[in-house]
Structures are given as C-alpha cells and as structure tokens.
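Below are the chains, spelled out letter by letter.
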Amino acid sequence: MKFAVLVFPGSNCDIDCYKAVESVLGEPVDYVWHTATDLSPYDCILVPGGFSYGDYLRCGAISRFAPVMNEVAKAAEEGKFVLGICNGFQILTEAGLLPGALRRNMSMKFACRDTVLKVENNQTPFTRDYEAGEEIIIPIAHGEGNYYCDEETLEELRANGQIAFRYKSNPNGSVDDIAGVTNKQGNVLGMMPHPERAVNEILGTVDGKKMFTSIINAWREQHDAANVR
Amino acid sequence: MTQQMSVKEPTAEQIADQQIYKQMGVSDSEFELICGFLGRKPNYTEIGVFSVMWSEHCAYKNSKPLLRKFPVTGPRVLMGPGEGAGIVDIGDNQAVVFKIESHNHPSAVEPFQGAATGVGGIIRDIFSMGARPIATLNSLRFGRLESDRVKYLFEHVVSGIAGYGNCIGIPTVGGEVVFDESYEGNPLVNAMCVGLIDHDKIQRGVAKGIGNPVFYVGPPTGRDGIHGATFASEELTEDSQERKTAVQVGDPFMEKLVMESCLELINSGIVIGIQDMGAAGLTCSSAEMASKAGNGLELYLDQVPQREEGMTAYEMMLSESQERMLFVVEPKDEAQAMEIFERWGVICAKVGKVTDTGRLQLLHHGEIVGDMPVHALVDECPIYNKPSSVPSYYEKNAAVDTTAYNEVTDLGGALKKVLGSPSVASKAWVYEQYDYMVRTNTAVRPGSDAAVVTIDGTRKALAMTTDCSGRFVYLDPEVGGRIAVSEAARNIVCSGAEPLAITDNLNFGSPEKPEIFWQMEKAVDGMAEACRELDTPVIGGNVSLYNENAKGSIYPTPVVGMVGLVHDVDHITTQHFKGEGDILILTGVTKAELGGSEFQQVVHGVTEGRPPQLDLAVEKKLLSGVLEAIQSGLVRSAHDLSDGGLAVALAESCIGGGFGAQVSLHTGEIGEEGLRPDFALFSESQSRILLSATPENADALLSGLKAHGVPAVKIGRVSGLQLHITVDGKEVMSEEVHTLKQVWEDAIPCLMK
Numbered sequence: 001m002k003f004a005v006l007v008f009p010g011s012n013c014d015i016d017c018y019k020a021v022e023s024v025l026g027e028p029v030d031y032v033w034h035t036a037t038d039l040s041p042y043d044c045i046l047v048p049g050g051f052s053y054g055d056y057l058r059c060g061a062i063s064r065f066a067p068v069m070n071e072v073a074k075a076a077e078e079g080k081f082v083l084g085i086c087n088g089f090q091i092l093t094e095a096g097l098l099p100g101a102l103r104r105n106m107s108m109k110f111a112c113r114d115t116v117l118k119v120e121n122n123q124t125p126f127t128r129d130y131e132a133g134e135e136i137i138i139p140i141a142h143g144e145g146n147y148y149c150d151e152e153t154l155e156e157l158r159a160n161g162q163i164a165f166r167y168k169s170n171p172n173g174s175v176d177d178i179a180g181v182t183n184k185q186g187n188v189l190g191m192m193p194h195p196e197r198a199v200n201e202i203l204g205t206v207d208g209k210k211m212f213t214s215i216i217n218a219w220r221e222q223h224d225a226a227n228v229r
Numbered sequence: 001m002t003q004q005m006s007v008k009e010p011t012a013e014q015i016a017d018q019q020i021y022k023q024m025g026v027s028d029s030e031f032e033l034i035c036g037f038l039g040r041k042p043n044y045t046e047i048g049v050f051s052v053m054w055s056e057h058c059a060y061k062n063s064k065p066l067l068r069k070f071p072v073t074g075p076r077v078l079m080g081p082g083e084g085a086g087i088v089d090i091g092d093n094q095a096v097v098f099k100i101e102s103h104n105h106p107s108a109v110e111p112f113q114g115a116a117t118g119v120g121g122i123i124r125d126i127f128s129m130g131a132r133p134i135a136t137l138n139s140l141r142f143g144r145l146e147s148d149r150v151k152y153l154f155e156h157v158v159s160g161i162a163g164y165g166n167c168i169g170i171p172t173v174g175g176e177v178v179f180d181e182s183y184e185g186n187p188l189v190n191a192m193c194v195g196l197i198d199h200d201k202i203q204r205g206v207a208k209g210i211g212n213p214v215f216y217v218g219p220p221t222g223r224d225g226i227h228g229a230t231f232a233s234e235e236l237t238e239d240s241q242e243r244k245t246a247v248q249v250g251d252p253f254m255e256k257l258v259m260e261s262c263l264e265l266i267n268s269g270i271v272i273g274i275q276d277m278g279a280a281g282l283t284c285s286s287a288e289m290a291s292k293a294g295n296g297l298e299l300y301l302d303q304v305p306q307r308e309e310g311m312t313a314y315e316m317m318l319s320e321s322q323e324r325m326l327f328v329v330e331p332k333d334e335a336q337a338m339e340i341f342e343r344w345g346v347i348c349a350k351v352g353k354v355t356d357t358g359r360l361q362l363l364h365h366g367e368i369v370g371d372m373p374v375h376a377l378v379d380e381c382p383i384y385n386k387p388s389s390v391p392s393y394y395e396k397n398a399a400v401d402t403t404a405y406n407e408v409t410d411l412g413g414a415l416k417k418v419l420g421s422p423s424v425a426s427k428a429w430v431y432e433q434y435d436y437m438v439r440t441n442t443a444v445r446p447g448s449d450a451a452v453v454t455i456d457g458t459r460k461a462l463a464m465t466t467d468c469s470g471r472f473v474y475l476d477p478e479v480g481g482r483i484a485v486s487e488a489a490r491n492i493v494c495s496g497a498e499p500l501a502i503t504d505n506l507n508f509g510s511p512e513k514p515e516i517f518w519q520m521e522k523a524v525d526g527m528a529e530a531c532r533e534l535d536t537p538v539i540g541g542n543v544s545l546y547n548e549n550a551k552g553s554i555y556p557t558p559v560v561g562m563v564g565l566v567h568d569v570d571h572i573t574t575q576h577f578k579g580e581g582d583i584l585i586l587t588g589v590t591k592a593e594l595g596g597s598e599f600q601q602v603v604h605g606v607t608e609g610r611p612p613q614l615d616l617a618v619e620k621k622l623l624s625g626v627l628e629a630i631q632s633g634l635v636r637s638a639h640d641l642s643d644g645g646l647a648v649a650l651a652e653s654c655i656g657g658g659f660g661a662q663v664s665l666h667t668g669e670i671g672e673e674g675l676r677p678d679f680a681l682f683s684e685s686q687s688r689i690l691l692s693a694t695p696e697n698a699d700a701l702l703s704g705l706k707a708h709g710v711p712a713v714k715i716g717r718v719s720g721l722q723l724h725i726t727v728d729g730k731e732v733m734s735e736e737v738h739t740l741k742q743v744w745e746d747a748i749p750c751l752m753k
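If you're matching them up, the sequences are chains A and B in order.
Per my numbering, the first sequence runs over residues 1 to 229.
Per my numbering, the second sequence runs over residues 1 to 753.
Derived from the structure by calculation, the hints contain no laboratory data.
What you were told as hints is all true, and nothing was included just to trick you.
Straight-line distance between alpha carbons at most 25 Å, and here's what the computed DSS-like set of lysine-lysine pairs gives: (1) A:K168 - B:K741; (2) A:K19 - B:K460; (3) A:K168 - B:K427.
Over the 12 Å line for every Cβ pair with chain A, so calculated as not near, a few chain B residues: (4) L67; (5) L145; (6) Y300; (7) E367; (8) Y394; (9) K513; (10) E696.
Every residue, glycine too, gets a C-beta built ideally from N, C-alpha and C.
All chains should be modelled from the sequences, with the hints used to inform the complete structure.
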C-alpha cells in the first residue's frame, strides 16, 4: 500500500505523518508537493497539519485552490482513503470534501494538550481496529478547531454515522463535541486531534497506532476482495 | 521623489554642529573617533551605520571586558561565541547548535510582535549556521500578575511566542516564567533555539572570495525596526511607547519558507558564507561578513528589494525588517541558488560584491552614499571599563538575620500560598498555547525539570532548560551567578543528561550606574567560576542592558540556557513520582537559608538577607553521583529542589504522578539537629535533589550516592493520595494532593480571567 503525504509550503506535521507511516506500517510513503497534478500511484492521501499558506486569512482557505487539491477530490471520488489531520481537516472542509467548518477555539487561544476521544464509529476504514466506544488519548494542537455545522447537517452526520470521534471533554467549543467526521461514503476522514503524534511510547501515548493499522487492514481487505473478483 | 526624501536628511555639517549623533546614542568622543576613521565628518547614513554597529547590542562596549572572563572552549566545543550561535559535538558526526537572545525592549512596547520577532530572530541564528532548528525555549519575567498592564504584557508576549513558533513548526518545549515587582514596566523576553547539524554542514558568516556576488534573501525591506539595536541599548521611558516604529513585525510563514530554502541552499554545498540580518539588519550582517573574511563589500542599494517607495540609504541600512538573510556564493553557482528560492517563492536578489578594499561601500542612485572602513565598524568601537561600586542595599543585607523570623506553624497553609504564587504555580496556561509536540520528538514535555527532545535514528536525546533566580543574584550577584549555572546543570542531570555547555542572556539595568556594573561584574565572576568547575563552557549569548523602570533597575537576571546530552533514551527521567511504595531519598544538606526564597517573599513579604550558599565542589559531586545513578537505572524520579524548597518539590512530584507521599524528616539526618520545620520544608539550600527508587533499588542508590561523597537519606515513600509530613516525629503537614493540585493549577488561569 502506498501513502502520499501532501506538503504545502507551510505544512509542518508532514514529517510527523511520514514518520508515523514508516514506523507503524513500514509501507512506502512519499512527500508530494502541493503543485503535483497526479496522485494516481497512491492508495491513501494524508493531508497533514500546519499553516499551509500562513493561514492569516482563514485556515485552509487558500490551500483548497492548490493544484493538488483537484487530485485529492478525484482520489476521494474513486474511493481512495483521504485523511486530513488538523490543518488537513480544515483544508478538506474548505475544499468541500467534508461537511462543516472550523472556527477559532472558544477560548480564542491555541490549545496543545492530550485529549480523550471516544470512538463513535468503528466501521470506517480509519477506525476499524478500535472497539466501538473505546476511549483513546490523542493530542490536539490547534487554534481553530471549533467544529461547526448547521442543525440539519448535524442530523445527517448522526444519521449516517459520520461522526467518527467525539471529545470526552470539549476543548474548543465544537458542536456536539465533534473531534472528527467522515464523508458520507466513509473514505474521507478529517479530525483535529493528531493520531500521528500518538504512535510512540516515548512520546506518551500509542493510541494513534490503530488508526494506521485500520487503514492498511481496510485496504488489504478491499485489495484481496478485488483480487478474488 | 526619493531625492526629496533624502533632502530632509541633515548634512554632515549639521550632524556635527547640532550634535545630531547624540540622538543616536553616539557620544562626543565616539563621534570624534568616527571622524578620525573616515578622515572627514560622516554623512547621515554613515553616522546611522556607525551608531548601530557601536551600540551595546552589537559591540558589547560595556560588557566585553566581563565576557572575556567566561570559559569558552572545551574538548567538545566546535564553535564558541562570535558566530550566529555556538556549536557542541554530540558524537556520530552530529552537533548541537544553540543560543539565547533577548527582545526585552520591543516586548515592553509592543508585546505580541516584540516576542514573536524575538523567536524569529533566534531561529534564524540557528539555521544560518546550517542547522535544523528542533526546539525553542524561553525565559520570561513580568511584574506582579495584578495590574491590567502586566496581564496585557503577559498575555500578548505568550501569544506572540505561540503565534510564531506554532506556525513555523518548531516545538516550544520549555522555559520559565517569573513574576516579580522588579520587572514592572520592563519585562524580560529571552528566547532560545536549539538545532541539530552534521559536522560537515557547519556554515560561517564570511564574505570570502574577491568578486563573489552577495545575495539578499527574504521579504522586501520596509521602514520597520529602524534603530532597533539602538533602542535596545537605552533605557525605556514614558516616551518609549512612541518608539513602536523601532519594533519589527514578524511573519512566521515567510520565515518557514526562508528557513526551508536556506537549508536546501546550504545542503547543496555551494554556500561560501551566510548570515542572518538580525539586529542592525543589512548593516551588521554585511559589515560582519566582510570583517570575518578580512575583505570589503560593495552594496548596490537600488537592488535591495523594497517594500515602500522612496526609501533612503539610511532607512535601508538601518531597517530591521524580519526574515531576511545575506549569503555569498561563487558566480558559477548563482543560477543554482536562484532556482532554489524561486521554487520556494522567496525573493532573492543580488545586492553586492565582495571587494578587496576593506571598506563597506554603499551605492545608491549612481552615487557612493557611504564609504566606511569595515574594521572601524566591527572592531574599533571603544570598550568601556565602567566604574563599579558596592551597592548600599548589599551592605545593609549583611545584618539581616533571616533565621530570626517568627516561626510559621501552619505549614500546609504556607505550602498552598507558595504553590499559588504565579511564579511557582503550574504554567500550563502558558505552555498549552505552544505547540510543544510538533516534529514528534518531545519525550519530556514542559512541566518537568528540563525538556527532552529525541534525535531520530539514534538512541540519543537532548535535554534543555533555562534558569535564573533574579532574587538570589540581586542579594549576592556572585553566589547568584553560581546558582544560576548550577541549577541549570541540576535540571539537566535530573532529566538523565550530561550537561554540555551554556548560552547566557545577561539582563541588567543601566551599566552607567556603578552599583549595577558591580552586579554585572560579580554575577559574571560567579557564572564563569561555575562554568569552569562544572565543565559547561559558554558558547554564545546576548547582553541586554538598560533594563530600568520608574522605580529603578530590574533584578540582575543573567539567564542560563543549558543543553545536555542523554546518552540513551532509557536514561530519560522526569520529576513525577512513578509508583506506590517507591522510596524517597533526599540528597544534600538542608540549612536555614531563607534569603531570596519564594517562602520569604510570599509568606514574609520581603526579599532580603543573603541567598543560600553554594559550594561548587559539592555541586559537582552531586551531579556526577545522581547522573551515574540515573544511568545505572536506579532512579525512578528526580527533581531539583529550587523555588519553594523541599515542600514544593514533594508537592510537584506528587501532583505530576497522581500520588501522595508519607514523609518523615529527621533534622539531624537532613541537616542540623533541631532545624525549625518551616526552614526544613521551605529553605532553598542548594545542591539538593529529591529522588525516588523502587524498594529493591533504594539501598543500592543510597550506597552509590554515598560512594560519590553525596549526603543522602531516606525520607519516606510514595503512598496514598495525601502529602503527609512529620519533622522529628511531629506531624507538620497533612494535605490532600488533589487540593494542592487545584491551588497550583488554578492560580494563573484565575488571575487571567
């Protein structure tokens, strides 16, 4: 399975995502520059955290126009896995690949700390190795992680099982304690917490490992099924 | 248009006759010297260039004789003071690069930008050496956290640091924040950056090779930060609020682009010399690069990218616009260099040439607008040996007997007061605004003795800390200087690392005052002695003088930034208790030493007397004994005893670990028989560390320490959820840890609401 880690000029968690794929899965992974126009070799696209273009305007507002974003949309359409973390989540909502938007934290301050998440849907390609309702420790580090969507969208998210994670104790004012959502098809996940920072005992928590193993197990299952056909 | 602007500039005659140079901080005798070097009177641009190059900030003219006392070499030192940052070998062809720098005056006037650009500047110092920045720290001082002004400064300095560090993606892993009346109106904002480099990638800021082109990298030059270095070298006054134009504006996204593109340029191997444009911008970088190569430099100011129309030579040379670098390559490599910056979308322009004239020559609109000998700018600033005298407060303090204070018997209450003091209280409100985890190498997060950052692909890690007790230095600068270095070393050792070297930030009041100069002399003596004794040379640093407010000078605050090497990640140790039943061991000797302590300030409301004494031979034994114990796997937690003494160390280790402790102190074992319980718990006697070990390892730990000549004694065990303390068999404290935790955690958030 081949992973792409997108790199915008101001990405700064690109290296963390790269290291996580390498250390947890040992699968091939490439950095892909924001000007790239072909993502066809990749099975999973990671949109990392950071400040893609400085983000002085609104996080992710400029990145959605990057050439590579058309390819991300195409990959999502084809059912490939797309995981946006932190700034990556903001970019995916700005690009319309995920519902809702991210506003400034209620505290108006950047917040960096461990949070406890509850796995709300373990039937997605990103969460299948977690137990339903499992509580996991994953750090956050963001200034604009306050998830917002209107009442109607929220109903849809609930009805479709699109809420992947909720915070146990809401750190930023997100609607319905939402920490991560998927698209309707379930192959695109955006989340504010950083699973790639939770894969090494020495850093304090390894609860993010199962996200990476979920992805590869989901892919293998698809892949094997395809081979059988 | 441009001509009209420059018409307003005074002529060389006017500058001399009307003594306009004085407004730039140049004295009469210095002006005469400058005229001598030029063989004529300087024009406006030239006097501007001289004034910043001869400011304290750039020339260390008041501090150089003192700085010479520091040991600056050692078997591991690859580069000492003089370049952007010092470098220390850590084996395997790797080296650590670090430096600390102040941005005090800008932060007093414009706290957000002042602090942000302080971080930006120190990061450039690191990557200009060719190193990848891996962490930043800071050391902050504010007035008492009571007035709206102090809260405003505190809030905006923290968010300025956060805004810059978070965006550029370098973790802010540690530091210190202290609140004391002495810093009212003149906060201290010192930022430190640590980087990693391979030996063969080390760069220098040299303009070598006659005829080689000089390139400017980064955003266009604007009119911000003009005379920033001069501003940093004078006292803040009521008019200082109007000096906001001397404060620069930061753009961390731009810095990220400049950093990545410059590191790529350096890795390509074509760079002859590179230096950042920090204090005194284009002036200082060009003059220093020429000086280090013994060459001259021509600058074509029309080619300098400009943000505003009609900028004069004076403005361009003195602007401190941020995120700019200067580099030299050979002509054949020009195209390769330009391609790199184009790809990153960063402006790169050829603005000059290396010459053999030994002069800095400025060309603008087809005319020579400045022509100065490089050596005069860089090396000829007069050095002053200021008069020094013992301050009266120091003599008065000799008579103060801090052991005669009324005995405090409500020790639980006292502990809560000390834990709730903003200087001791949890700094989570601060560091949770910093991304301290990005790059996923932060093994020990903020909130333990030192931060620890791992090095990918190795078993090694780096421990780092910033420390200084301004109160101790004030009460006795020499002892305080020794304590600052020793405490930093203790923090590094408690984290499982071997101390390597330090960078220092000497924050003092006005050196024009003999009693302040005395503080500087004595503090440097103490620090230099400790650095020699503990084998931690000074590899670079910064001097910030004229830190004064309406009430007088700040406490002398020579901040020590220290880095240590963790030889194996298994040695990494934190201060938090790890397990029920673990045995507590206290090392060192506890004496009745309250002078300058947190307890003295918070409970007795004064800072007086003499600070705790410190014997460097004793300190050295302690450090090697504890480090060896940690490296042999006998230690589960280690915590330096500092602010608030044993009581606070116990409380913090309990809170962090989520445990309680049963402690029985016998005064004859930990110090002198019959030591008062309030002294036993809150004295800040030096060279003490609180350790915990499993019951199986405790005896081995004790005998190991004793073999090193370190006094050590069992004082209790980790147990339950209460902190329970007896002294000579009598219960003196019994507090729920969760209550202590609440006091400690809530103090700063409550004050900031």
